[in-house]
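S.K.: Numbering (the working numbering), first residue to last: 2 to 284.
Just so you know, these hints were derived from the structure itself, not from any lab. Don't take each hint at face value.
Result set (PhoX-like, lysine-lysine): computed pairs, CA atoms no more than 25 Å apart in a straight line [what the hints assert, rightly or not]:
1. 251 / 106
2. 215 / 191
3. 253 / 148
4. 148 / 251
5. 127 / 85
6. 179 / 85
7. 127 / 215
8. 204 / 106
9. 127 / 82
Predicted model, so just to flag it, every value in this text is computed and none were measured.
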Amino acid sequence: MVTTDFFTPVVDTAYEYGAIAAANSLSDVYAMGGMPFLALNIAALPDDLPIEISTEILRGGAEKAREAGVVIAGGHTVKDKEPKYGLVAIGFVDPRKVISKSGLKVGDALVLTKPLGGGVTTTALKQEKVEEAHIHEAIEWMSRLNKTASELALEFGVRGGTDVTGFGLLGHGLEMAKASGVLLRIEYAKLPFLSGARGYAEKGIFPGGAFDNKMYFEKSVRFSEEIDEPAQMLLFDPQTSGGLLFGVPKEKLAEFEKRAREMNQRVWVIGDVQAGSGAEIEA
């Protein structure tokens, strides 16, 4: 399989930007149960960008790729007014074990592998309103590969899954619900969020994509009356290098969670899959 992704800086530090962009680019391979092995750099850099900064961006990407066991075999660079960086990622996937958006089954438990709130936190950084501890937490999560989460899912025969990125939790979740012909029931109280996410949401510090996601997907979502607007908007918040969202067969869930602890892989059970369509969000 071949996939690509690249974007403008989401953080102020060049090395971390490169690492996050690389982790995000590899995520589509992991989301399908694949193993990336080769990548190409894609970079668009301004003429006046100091060489030290461009070097650090590429170093961040290279070291994250090395952590994934991926060889960066070259790439292509063009001039642009604003930096952009990412990877073309090539991976192997066993067609008998592929994880797809259409693989959810009624009765599956919904499992998420990273906390939400990356979009509001990085937007607060751009607006110079972020607390330092909050952006460090966001960088740490965004830089994490989804490699172990993917391996865990494959070990337990998971067939329904996706990564949570630009369409937010609900956007990507609804893509799965539609492809699988099911309804997603999500319990808001069980959702994990970055420490500062709720505070930034209450201040309306959302990226523009969150409002686009809400406008496009909200017709398929039914929210409990107890869930206020900032809380609703956090579920439409675009994520950069977000986690994976899986449907795990209920009979395997206890062993799945036990194995996740052994692998030092965080997982949150956030709801389940039911007959119907769309998504229901309970308080």
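S.K.: Enumerate the violated hints, using their earlier numbering and listing them in ascending order.
M.R.: 6 and 8
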